[in-house]
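Participant: Chains as they are written, first to last, in this note's numbering: chain A, 1 to 266; chain B, 267 to 665.
A hint or two may mislead.
Said to hold, decoys possible - Here are the computed lysine-lysine pairs in the BS3-like style, where the Cα-Cα straight-line distance is at most 27 Å:
no., chain 1, residue 1, chain 2, residue 2
1, B, 434, A, 73
2, B, 303, B, 374
3, B, 588, B, 332
4, B, 374, A, 165
5, A, 10, A, 168
6, A, 91, A, 10
Hints in this document: simulated from the structure, not taken from any laboratory.
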Amino acid sequence: MSRIQATFEKLAQQNRKALIPYITAGDPNPDVTVPLMHALVEAGVDVIEMGVPFSDPMADGSVIQRAAERALKHNVSLCDVLDMAAKFREKDATTPLVLMGYGNPVEAMGWENFAARCAEVGVDGALTVDFPPEESHEAFGHLQRHGIAPIFLIAPTTDESRVEKIAKLARGYVYYVSLKGVTGAGHLDLEELARKLPELRRHIKLPIGVGFGIRDAATAKAVAALCDGVVVGSRLVQEIESSAEQDVIAKVSALVKELRAAIDEA
Amino acid sequence: MTYNYPDSTGHFGPYGGIYVAETLMGALEELRAAYEKYRNDPEFIAEFHNDLKHYVGRPSPVYYAKRWSEHLGGAQIYLKREDLNHTGAHKVNNTIGQALLAKRMGKKRVIAETGAGQHGVATATVAARMGMECVVYMGAEDVQRQSPNVFRMKLLGATVVPVHSGSKTLKDALNEAMRDWVTNIENTFYIIGTVAGPHPYPAMVRDFNAVVSRETLVQMPELAGRLPDAVIACVGGGSNAMGAFYHYLDVPDVQLIGVEAGGHGIASGQHAAPLTANAPAGVLHGNKMYLMQDANGQVIETHSISAGLDYPGVGPEHCWLKDSGRAQYVAINDDEALGAFDALCRFEGIIPALESSHALAHAAKIAPSMSRDKILLVNLSGRGDKDINTVARLKGITL
């Protein structure tokens with residue numbers, strides 16, 4: 001059983017929801033990332049999404065774009081991110097890791113090479129934001145051969161026929177984008193979410209995580225009540241950005257504990 | 267025509283496609299269906315051509331640059347005068363087409379990215395005419411170097427948003443426009459200004475600009491007695507070149523030459539010439555194309571004297587035309603483009619855009635070694651009024 005599946009099954013048995021943080025690997029600098037990941041686990045997260053920095057993050061808002069720019073100042077490459085994952089795995093054999101980013105760094109590395117490296121270092125899933133199913137047949141062949149779960153986004157604008165198509169290809173969990181916009185926007189509509197999720201579950205048997213626009217404990221709690229996992233990205237990255245470097249781990253941990261407690265109340 | 271690209275999924279060979287986040291897939295499908303419906307709709311076509319005739323002033327003339335040709339002493343050079351269009355460039359052909367489509371799709375707000383500002387002006391122009399809200403994203407560096415066009419857009423009622431992220435040029439403006447579109451997808455139509463982006467944009471922008479080659483196919487025999495030996499056009503994203511090439515794709519005797527921005531020279535690495543430099547294929551802004559990038563797949567900063575050519579990628583159809591051998595691509599450096607800019611001013615009384623000056627410079631480079639009975643047709647894609655500040659600065663002159 002994959003780490004992602006094992007994690008969600010265990011949570012389901014405990015009647016708990018997953019907390020899935022997103023951090024940009026290499027932000028604010030490459031030395032912080034692995035210790036920060038261990039601290040996230042200690043603070044109660046279930047799956048970690050590691051953002052692979054890209055020069056042109058079109059689907060992200062300004063907060064995550066600045067994080068990518070900080071990481072790229074240190075020349076953090078996809079290879080470096082995979083090395084960080086390997087280093088994390090030395091001390092943590094169970095927490096699922098998902099790489100999230102854009103297709104071009106993977107294209108440059110080659111999908112076969114990427115998938116093989118993911119398997120080797122213990123990455124469990126890959127979310128390539130700008131590779132929809134239509135363009136991904138070859139890419140996902142490589143991922144699946146190496147047992148790496150392709151994670152897909154589903155948007156409020158995704159129609160039912162596309163949901164069906166994505167449901168067939170998706171592994172691990174599905175990431176529902178809770179608003180029309182880029183990451184970090186602030187107008188999540190809970191009623192719309194409550195209406196949408198049962199529709200999705202008609203086709204999607206995998207756990208559904210919800211993200212984009214979850215900025216505080218109250219929202220995290222409300223969202224957790226509706227789905228299987230809560231993804232928090234920009235809010236954490238903002239905390240990293242606004243903290244002095246030596247305080248990053250403590251500040252982010254405190255925020256994550258708050259989110260964890262709220263989600264567990266749901 | 268027997269030429270039949272892109273395929274039904276928007277691919278030109280291995281290039282093109284739809285590489286966008288799921289959040290945009292619905293909107294692109296809506297656009298594809300609308301374009302499919304209206305591209306062959308007689309009423310839509312009639313309105314488009316009526317606007318091109320009465321609002322843009324088409325057909326634009328072809329002009330024989332006799333004095334410049336004689337000076338160069340070889341092939342005869344003809345200019346397709348897209349600079350005489352309303353708003354001063356070929357860009358308006360496309361913005362009229364897309365705005366008419368936006369109107370039929372019930373969109374009340376249009377957005378655009380712009381580099382040199384010509385596409386922004388052309389978008390602001392059609393938005394004003396149709397009473398639509400218009401927001402134009404422009405790299406902060408381009409806002410500086412193209413200030414006259416910024417003012418023109420504001421006069422036309424558009425909101426110009428300077429983009430401070432990344433390299434502060436065209437590619438960053440595109441990123442920001444995409445973000446706006448994702449956020450406002452229900453009421454907003456994104457008017458992309460070049461033959462790049464996710465399907466159907468490359469094909470649609472080409473089709474609206476193809477009026478250029480449709481006209482020259484008739485005009486050249488009338489004026490010169492025959493078709494040209496070569497059609498030459500500058501290539502940034504590549505919209506004016508695709509327009510100038512399109513109806514010649516099935517005319518194998520006519521050579522097609524795209525001229526990229528060589529900046530400080532290909533060897534310097536400071537250029538915007540992915541095709542000439544044989545950059546690897548990559549994915550950016552919704553499509554696969556030749557893309558200037560580092561070994562880790564990060565898009566690198568480009569350099570060109572001309573804001574409109576300062577882009578790390580190039581439309582997927584040009585990539586395919588290069589690979590298939592139907593078109594050739596070369597680069598012209600900043601100083602060569604400036605030389606041609608001066609020459610056209612002095613010999614023909616025409617101030618060309620710095621973008622178009624790249625195509626002119628290549629014609630000036632090859633004409634002298636060709637015989638006098640050869641004919642080169644250069645697409646003079648825009649006028650140079652917008653560039654006078656840049657040129658003055660480079661000449662050390664304070665206006």
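Participant: Indicate, hint by hint, whether the structure satisfies it.
Facilitator: Here is how each hint holds up against the structure:
no.: 1; hint: B:434 with A:73; verdict: 16 Å, holds
no.: 2; hint: B:303 with B:374; verdict: 20 Å, holds
no.: 3; hint: B:588 with B:332; verdict: 31 Å, violated
no.: 4; hint: B:374 with A:165; verdict: 32 Å, violated
no.: 5; hint: A:10 with A:168; verdict: 24 Å, holds
no.: 6; hint: A:91 with A:10; verdict: 21 Å, holds
Going down the numbered hints, you'll see the structure goes against 3, 4, while the others check out.
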